[in-house]
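Asks: Protein chains in written order, with my numbering: chain G, 1 to 290; chain W, 1 to 121.
For the record, the hints were derived by calculation from the structure and aren't laboratory data. Note that the structure is predicted; figures quoted are calculated from it, not measured. No residue lacks a Cβ here, since even glycine has one placed at the ideal position from N, Cα and C. A couple of the hints might just be wrong.
[Unchecked claim] Straight-line distance between alpha carbons at most 27 Å, and here's what the computed DSS-like set of lysine-lysine pairs gives: (1) W:K40 - G:K126; (2) G:K144 - G:K99; (3) G:K111 - G:K131; (4) W:K40 - G:K50.
[Stated by the list, open to error] To give a feel for the contact side, a few chain W residues facing chain G, derived at Cβ under 7 Å: (5) F41; (6) Q97; (7) D103; (8) V104; (9) F105; (10) G109.
Here's the letter readout for the chains.
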Amino acid sequence: MKTDRRDFLRLAGVAGVTFTAGLFPGYRASAQAAGNFHFVQISDTHWGYKGPANPDAEHTLEKAIVTVNGLAQKPDFIVFTGDLTHTTEDGTERRARMKRFKEIVSELAVKDVRFMPGEHDASLDKGAAFKEFFGDTHYTFDHKGVHFIALDNVSDPAAKLGDEQLAWLAADLKQRKPDDRIVVLCHRPLFDLVPSWDWTTADGAKAIDLLMPYQNVVVFYGHIHQEHHHMTGHIPHHAAKSLIFPQAEPGNAPRRPPPPPFDASLKPLGTRDIAVAATITMTELPVTKA
Amino acid sequence: MNRRTFTALLIGGSAAGGALRAASRALAADPNEVSIMAQKFNFTPDTVKAKVGVPITFVLTSIDRVHGFKMPDFGIRTDIVPDEERRVTITPTKPGQFAYFCDVFCGDGHEDMGGVLIVEA
Numbered sequence: 001m002k003t004d005r006r007d008f009l010r011l012a013g014v015a016g017v018t019f020t021a022g023l024f025p026g027y028r029a030s031a032q033a034a035g036n037f038h039f040v041q042i043s044d045t046h047w048g049y050k051g052p053a054n055p056d057a058e059h060t061l062e063k064a065i066v067t068v069n070g071l072a073q074k075p076d077f078i079v080f081t082g083d084l085t086h087t088t089e090d091g092t093e094r095r096a097r098m099k100r101f102k103e104i105v106s107e108l109a110v111k112d113v114r115f116m117p118g119e120h121d122a123s124l125d126k127g128a129a130f131k132e133f134f135g136d137t138h139y140t141f142d143h144k145g146v147h148f149i150a151l152d153n154v155s156d157p158a159a160k161l162g163d164e165q166l167a168w169l170a171a172d173l174k175q176r177k178p179d180d181r182i183v184v185l186c187h188r189p190l191f192d193l194v195p196s197w198d199w200t201t202a203d204g205a206k207a208i209d210l211l212m213p214y215q216n217v218v219v220f221y222g223h224i225h226q227e228h229h230h231m232t233g234h235i236p237h238h239a240a241k242s243l244i245f246p247q248a249e250p251g252n253a254p255r256r257p258p259p260p261p262f263d264a265s266l267k268p269l270g271t272r273d274i275a276v277a278a279t280i281t282m283t284e285l286p287v288t289k290a
Numbered sequence: 001m002n003r004r005t006f007t008a009l010l011i012g013g014s015a016a017g018g019a020l021r022a023a024s025r026a027l028a029a030d031p032n033e034v035s036i037m038a039q040k041f042n043f044t045p046d047t048v049k050a051k052v053g054v055p056i057t058f059v060l061t062s063i064d065r066v067h068g069f070k071m072p073d074f075g076i077r078t079d080i081v082p083d084e085e086r087r088v089t090i091t092p093t094k095p096g097q098f099a100y101f102c103d104v105f106c107g108d109g110h111e112d113m114g115g116v117l118i119v120e121a
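Excised from the complex, chain W in its bound form:
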């Protein structure tokens, strides 16, 4: 947590998350949305681009089983449950490349299930 250099807002898919999601949309000034689909053993897409200071929302779905979505540099994680949509909004504050990956062990190939957020100035 002490390495967190970004502001982050995690919104779950629960009923309580619905209210938070609405609040988030109100707070986020026209965020870019990127849909990311999880399935063993990859995220599609596995490369996402963003800009410093511009909020970006990941819309997360899974088509096979429970996966995880973790971005330690942003201090966020969530489960991705089939038939549910999870939304994660972040606002990058510096350029660079930052990993996202599945942190729920899902089989042979789990360790390769990840992607990179490329943040440009």
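Extracted from the complex, chain G is given alone in its bound form:
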């Protein structure tokens, strides 16, 4: 599976770094061979941002869409893990940005697209505008035997999931078997990546505690604008690059510094192709010229 994925991405001319992790270690490969698939994660597009951290901000999302549409093998679906738009205190402008964002991503060839909010989309109005354009801020769906859980850790401006959502999560997990394959999607890290930079979820540990009894769980998130991989016990957490500007390396200063100078040679922006099988293969897809 891994070699095949590399091959077709190489043929597509967009292959980045491939990272393979031991996803679903308790799952028998023979049992899920028919259910292999892949999807694309896009994060932190920040539509509406203008500034020196990305001099090409108006076109980066369009370039990423060209890249995703150019994949030799179409993904089954695409997920956006938050910060679709850059924040604004003007509710009218917020909705205008969401409307324009939705128009741009309608150019994606794959039409099964799932959206999640980031704090830039949802924290100033508790997700009201996001819901108008994209629906619920937390939900589940199932795909080829894998259970996906989209969590909202941003609509509360204090970066909490909240007791109500945690109860909803607990009720959903009660319906799962211990060896079910579960993919969690969210915006902020659920774990304490760098608490002094607020790179955490205030009550994320409660969600991780609920997930811990399940053997085959993986978390994909955004927020930190860079690739990052971390384990909490047996649960891997994978952060994605953004489509707007990179952030500093986690914890490299007491306070989170401003974004480093934009250096295109470092390929700091991109999306991610995720192949799901007995293992997971993540292939970073850097933004290329349209």
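Knowing the structure of chain G, use the given hints to seat chain W on it.
Replies: Same frame as chain G, but now just chain W:
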């Protein structure tokens, strides 16, 4: 919480906090007080100095909206509500630089709203 290396005492601005505040003043041996004002998107001042072993009290106010004040290295946080005063007392136990920041998303610039406590030996 397992990374907490300091003793900390958080006093809120509620009625119950009033009694705690009085108790805290009694407990704290002549703490240094530093007033910190919050407004979008900065704290004033954004640099505070303290000494190891000497209690320091932050007197927190906001002039525009609800902000947060969080110092993970000390295991403390509080909301800062306009027209209310919040007091946070800590006693550093080691030198270094430790961040404080707003943890209630308040708009474009929120991520830059923070400061540093410099603790000297």
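Asks: For which of the previously enumerated hints does the structure constitute a violation, in increasing order of number?
Replies: 2, 5 and 10
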